[in-house]
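Novice: Take the sequences, apply the hints, and build the full model.
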Amino acid sequence: MVRLTDKKMDEVVRSICGADVISLVNKIKGKENVSEFKLAEILKEDIKKVRNTLYRLYGANLVEFTRKKDKKKGWYIYYWTFKQEHIKYLYKKMKLEELDKLKSQVNGETGQQYFICVNNCVRMDFEQAVNLEYRCPECGELAAQEQKEKKVENTAQKIALLKKEIKSLT
364 MVRLTDKKMD
374 EVVRSICGAD
384 VISLVNKIKG
394 KENVSEFKLA
404 EILKEDIKKV
414 RNTLYRLYGA
424 NLVEFTRKKD
434 KKKGWYIYYW
444 TFKQEHIKYL
454 YKKMKLEELD
464 KLKSQVNGET
474 GQQYFICVNN
484 CVRMDFEQAV
494 NLEYRCPECG
504 ELAAQEQKEK
514 KVENTAQKIA
524 LLKKEIKSLT
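Numbers in this note's numbering are just positions in the sequence shown, counted from 1, shifted up by 363.
Do not take every clue at face value.
Unchecked claim - The calculated lysine-lysine pairs, modelled on PhoX-like cross-linking and capped at a C-alpha distance of 20 Å, are:
1) K514 with K455
2) K514 with K464
3) K451 with K370
4) K530 with K464
5) K446 with K432
6) K526 with K466
Please keep in mind that the hints were generated in silico from the structure rather than gathered at the bench. Just so it is clear, the structure is predicted and the values come from calculations on it, not from any experiment.
Specialist: Next comes the structure, spelled out in C-alpha cells:
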C-alpha cells in the first residue's frame, strides 16, 4: 500500500475544492477538533470565509465536525477534523477517471483518420478534410494525414503507468 505525499493530497483537494482551501487544509492536517475561530485567527481571515471553505471541504467529505455550545454566549462552536483517510479514495477515483479518459482518447485516435495543417493551425477528421478539400481553413495550406502512431504509443505508455499507480493504491 502506497502512502500519498502531501503534494498528491494537495492535488486532490485542489481539484475538488479549489486552490484557495490548501492553506486551511495545511493548518488542520494531522490535528483533531480545531476551532473555526482558531483557524480564522491563524489564517488571519474573516470567520465567514473560513466557514465557507470548511463547508466546501465538508461537502466533499474531507472534513468532519463536532459542535459544542458556548456556556457564556449560548452559541455553537464547531470543531473541525481533516479526514486524511478519505483522500486516498478520492485520489484513486481521480486516477480511474483519468484512465478512462485516456482509454477513450486512444479508441478515438485508432478509429479515425486525422489531417493536420503543415503550420499546425488546425486538426481535422476525414470528413472535415474532404469538405475543406484538404486545405486549412486558417491559412489555406494543404493538410497532411497525421502520423498518430507516436501519439497513440505515448498515450498507451501513460495508461500503463496509470494502471501501475492505481494497482499500487489497492
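Novice: I'd like to know which numbered hints this structure contradicts. Please list them from smallest to largest.
Specialist: 1, 5
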